[in-house]
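With chain B's structure known, arrange chains A and F on it following the hints.
Chains as they are written, first to last, in the numbering used here: chain B, 1 to 323; chain A, 1 to 358; chain F, 1 to 272.
It cannot be assumed that every hint is accurate.
[To be verified] Some residues of chain F that are not near chain A, with every Cβ distance over 10 Å (derived):
hint: 1; residue: ASP35
hint: 2; residue: ALA57
hint: 3; residue: LEU89
hint: 4; residue: ILE94
hint: 5; residue: ASP103
hint: 6; residue: SER120
hint: 7; residue: HIS181
hint: 8; residue: ASP222
hint: 9; residue: THR236
hint: 10; residue: PHE244
hint: 11; residue: LEU246
hint: 12; residue: PRO254
[Stated by the list, open to error] Some chain B residues close to chain A (C-beta under 7 Å, calculated; not the full set):
hint: 13; residue: ALA142
hint: 14; residue: ALA148
hint: 15; residue: LEU149
hint: 16; residue: ILE157
hint: 17; residue: VAL158
hint: 18; residue: ASP166
hint: 19; residue: ASN206
hint: 20; residue: GLY248
hint: 21; residue: VAL261
hint: 22; residue: VAL264
[Stated by the list, open to error] So these bits of chain B aren't anywhere near chain A, every CB distance computed over 10 Å:
hint: 23; residue: ASP31
hint: 24; residue: THR43
hint: 25; residue: VAL96
hint: 26; residue: VAL214
hint: 27; residue: TRP268
FYI, nobody ran anything at the bench for these hints, they're computed from the structure.
A virtual CB, placed ideally from N, CA and C, is assigned to each residue, including glycine.
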Amino acid sequence: MLLLLLLALVAAGLLSLALGSRALPLGTVVDVLLHDDGSEAATIVHTLRIPRTVLAVTVGIALGVAGALMQGHTRNPLADPGLLGVEAGASCAVVVAIYSLGIDDLAGYAWFALAGAGIAAVAVFAIGSSRGGPDPVSLVLAGAAVSALLLSVTQAIVVRDADTLDAYRFWVVGSTSGRDMSVFWQVLPFIALGLLFAAMSTPGLNLLQLGDDVAASLGLTPWRQKALGVAAVMLLTGAATAACGPVGFVGLVVPHLARRVGGVDYRWVVPYSALLGGLLVTLTDVAGRLLVRPAELQVGIVMALIGGPAFVLLVRNTRSVRI
Amino acid sequence: MAVLHATPFRLGVASWLVPVRAALVSLVGGGVLFLLVAVDLSVGDFPIPVGDVIRTLLGGGDDAGQRFVVMELRLPQTMVAVAVGAALGLAGALTQTLARNPLASPDILGITEGAAFAAVAAIVLTGASGYGGGLVSGRLQEVGLPLAAFAGAITTAVLLYLLSWRRGLDMQRLVLIGIGLGATLTAGTSYLLVNARIQDAASAQVWLSGSLTGRGWEHVRPVLLALAVLTPLALVLIRSLNAMLLGDDAAQGLGVRLQLTQLGVLFVAVGLASVSVAAVGPLAFVAFVVPQVALRLTGGSRPPVLASMVAGGVLVVAADLITRAVLPFALPAGIVTAAIGAPYLIWLLIRTNRRRTV
Amino acid sequence: MSVGASAGSRLGAEQMTVGYGGDPVVRDLTLDIPDGRITAIVGPNGCGKSTLLRTLARLLTPTGGRVRLDGDAITAVATREVSRRLSLLPQSPIAPEGLLVRDLVGRGRHPHQTWFRQWSPEDEQVVEQALRMTDTWELRDRALDQLSGGQRQRAWIAMTLAQDTDLVLLDEPTTFLDLAHQVEVLDLVSRLNRERGRTVAMVLHDLNLAARYSDLVVVMKDGAVVASGPPQEIFTSQLLADVFGLRADILDDPRTGLPVVVPVSAPAPLPL
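Just chain B, with the same shape it has in the complex (with noise of 0.2 Å):
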């Protein structure tokens, strides 16, 4: 099953190279992307089309991955990466950045992003433990508060400033376009730093399913597992929103998903959550530039209009709501 997710994922790949506003025959994309003679047709591929495709797959592996551990974390089917404050850390640092500094660069943001999504991360984790570590209600309360702080920041400078505006509302959409490889750079460390520790923390959480004492009792240290968790969570989601601004669902909906598909053994949901992510943000993209071609709606976009509907089939045909 995890290879035919990862040979769909590869297929999904190619599609989004070859489709969009000028579908292009797969022949020429696989020729053209093992050596670029500079063609018209190189040109989309390599500058538009593969910068986005690379975006979409690591935004959706890595969004896949921390819906997952926070749902797992949080016991919660609730739960989705945005609770933590991280995407309203990145938006309102990315708002400051337009209003006081000018920044207008898609580059620009991504850093700001970072910094903002670190430093919510770090407020939510800090108030929303207690000593004996990240307590699940208590974070997810805590990424409300820091959520609703930062939004109303956000708001007070877009809602003044009309330029401000204007700019943010294109980045707030949550969009794989406009962007290139730099920004894929910038946010890998972080991501693979992310996926490190999600790595690290997955076995993990199967035990702690069964409640910190029996995880204990089993040879874990339940709080450094959580923080690990957590942390993991905080990183993928904040370089996910720092490369293309949030998009929401796909922490949500994926994990439920992998669930149906993987069963509740957290070691196969995570990386099935990862394929299914990556998989998912990949086709949204390109549904969202088939749509409305040659125009385009962006993935954040796209991704609620079809996520939306999708979980509420996925929520009604199941039997009974559990984690």
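Just chains A and F now, with coordinates in the frame of chain B:
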């Protein structure tokens, strides 16, 4: 001497159990609210001493000019703040108790997002925003927007109910579907904003931040009406709601009619949230945080009803006061409610976690 | 002691079929719960005993047949009226954080209260009695989530007591309790029956407790009743083997004369 937890209050055959701490909090909160209202009414271009304001409110006051400013000009805006605050506090307390989840609030059920979508659509599609992205003016602001928002909220609520109903109503499922609906509607709103003229987007953004300015009696009346009708209904449902906290099985064993109670509570919560968002736009954080704050103040096992209403009124009026008197520039109230409410919740959380032992 | 012939039966199932949406869990089952007696429903995991009890308590609606209460179909009786005649202690009850014992027990008065009569002197009296009878009076101002498992269970039983019904249904009331508390809880149930004449129907997983405390034992397997009768007649090695797949001897308790189930298994040889 043990601290009294709850005391029975009897009147002939009738009897109620009054939770002492919650009653105290409500009373003190009510006093705070009255003071805040008086201060709120006293500030403005034409400052009036607070003592005179209180006299005028209580029926006295000999200055016709003062009375005009207080009762006709300023009172509507303050009243809308109190009413919306109470309505959202109650709606939040009810939803969180019903869903048995502190994260639940009418907002995450998608209703506020539905209202926002409809309102933004109204602004963007009719292109009737004021110059420079100020407040939408004229007929649209007075009638069109509230109506659109209300219609959006109610439609979303009905859709939510239909989608969640499947041989009964499972609250977990309802909340999840609400989140799904909400996210979809937000995407729709973002789409509208991205494709609108910048002036329309700016106007929409003002509405989306929740604004109390420029509200007249025509905005207050629907909210007061909703409160008058729905609050008694909520009080009657509270008994069954209390029993439902023990789980669906135990509640049914105690004779609670589950479907009816769920429907009733949702009806009240949705109604209150819808008229609120229609009147002032989304004041999202209020319905979520106020019941949690009230819960921690009264120390009970569920968000208290009356105290949540009072606390909601206090928060929103305080926000109005701050936007009018304290800040050097105008800011929509929704931003201020979040800016007040969030740090307080954060402080409460830190305090709770410090005390917690491993 | 012959059961059923002399006792009436207010509550029972008549050719009842019930399930959770897919295949039925209980098929075409007929059972009378004898008044004024303690009935224990036992059976292997998944045999449908909890389902049966919950249907008798009106939590589930049968797809075939009906549940009879005082001669009428239970679904025809108003919910509130049912809760005045019949109370249920569910299997894993949940309670909100910070709920006090006295509040929990007070909830048991719900069927007897209206919106304008929420705490009458009678309510107060019944609640105090329930607290004293379950030995939770001293715990009344404590939060439920801070009590031990046994204390918590007693508080829940106090709530059921406060509901003050003639028919009491208990779904695995002794799970997660230590033996002393199991005995304590069942002694309490027994007193309820002997001193107050309440009819009790309970699902138990412990066969020895069922033998010790019940007048009638109903054995279920795969959604049907395979045996019912007084403990002395029901518990045979053959039955245990057929229904539970258990090899066991039946001994007689020297004090009560009631059957005691002693499993037979070859112990592992000690290392030499």
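Violations among the numbered hints
2, 3, 4, 5, 6, 16, 19, 21 and 22
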